[in-house]
Amino acid sequence: MSLSLSLTVNGIARTLDLADPRVTLLDLLRDRLHLTGTKKGCDRGQCGACTILLDGRRINSCLALAISHDGADILTIEGVAQGDQLHPVQAAFIAHDGLQCGYCTPGQIMSAIGLLREAQTGDDPERVREAMSGNLCRCGAYAGITAAVLDAQRSMADAGRAHAA
Amino acid sequence: MAGYSRPTDLAAALSLLAERRPVILAGGTDHFPARVAAGPAEDILDITALGGLRAIERRGDHLWVPCLATWADLGAANLPAGLEALTQAAAQIGGVQIQNTATLCGNLCNASPAADGIPPLLALDAEVELASLAGRRRMSLDAFLLGPRQTARRPEEMLLGLHIPLPVAPSRSVFAKLGARRYLVISIVMLALVAEFGADGMISRARVAVGACGPRARRLPALEAALAGARPDPALLRRAHLAPLLPIDDMRGTAAYRLDAVATLLRRALAGMVPA
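Line by line, the protein sequences are chains G and F.
Here the first sequence is numbered in our numbering, starting from 2 and rising by one per residue.
Here the second sequence is numbered in our numbering, starting from 29 and rising by one per residue.
Rather than coming from a laboratory, the hints here were simulated on the basis of the structure.
No false leads were mixed into what you were given.
Partial list, computed: chain F residues near chain G (C-beta under 7 Å):
1) Gly56
2) Thr57
3) Gln125
Negatives, chain F to chain G, calculated, CB over 12 Å:
4) Arg181
5) Pro193
6) Ala263
Quick reminder that beta carbons are idealized off the backbone N, C-alpha and C, glycines included.
Throw the hints in and build the complete structure from the sequences for me.
Listed below in structure tokens is the structure:
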């Protein structure tokens, strides 16, 4: 039994044949599409390193069967920069030292982009920490991560106002 | 190799269920962690493409939460006063990544003794609706939960959704959990308290459910009786009210610690409750 799957990944339409329906979205991205920016940390939904945006919402890609998401639109860390121009969240993580070893960082950044799209936290650091609680950082860069998310939120709002003006 | 199906219509799903007894997959957040080591091949019935089973809606005297409704859907639903415990639980179950995929009904079918979703639904007298080719049946959540990972769902049935009674009197409810850290952790204990208030500001009816203190979550009828007719006062709590709880010692805490934590969370919940 071979199953066919269509996905849009970082704006590019992909059609894939799956020999085994049990392949997770994470393994598909890493092993079939060679998009290894999405990390496999715990592979059981506890760490958030595999966070991607699925139809605009953040999920753990280790907890999803690829075949369940036929037709979905997926954004991974490889798709967030515009050429050489970093996404404001990426730039803010660098500016605020929101990382040390970097392993959790793609998941943190995808989660932060999802958080900013949800627009539920405002500028309250405690709400940001709560909304980022699905992403663990074993180096403990949380203070920088929270500052980076708040800063990215400000810079994106400023850019939005400048664009509108 | 195991079979996989993702039907778009309920009748097809129920036929498959009757013929092959597959594992039912919705959000998958409990399914995959239990199968990290490649398990035996099993048939999967993926119900995520079924139509009309996602939207939470008010239906007459109850809230209908169908089987594909996620915790994020519940958190975003504008619930009436008295159902706050559900909104609070929705924000504390896993991180947002989990809340965006995990379903309430999956949480009930998985029937973990430490499921955060169960105490609020138990305290709110939720009912489950099960569907099979033979028809549909409803039962109380209390009757549905048999023990750890055990429910009254028959292999040929699927949990179609939940009926949660809407408050009929001015009500308040609260969800409280204790974990080893604030977020993203399996609870040591968790509970929900629902109180209806009379015009005099006294509790006319109270319902309390506690989880992670036994094979399945339990109501505390003696405490509920003691609270009826009283103000929400932490001093009303007695050790004997916790008699239905049978906690164990495990890596997350000892039985004695759990009982102490439940008493503390209950006192805080009562102290913080403003009459509706």
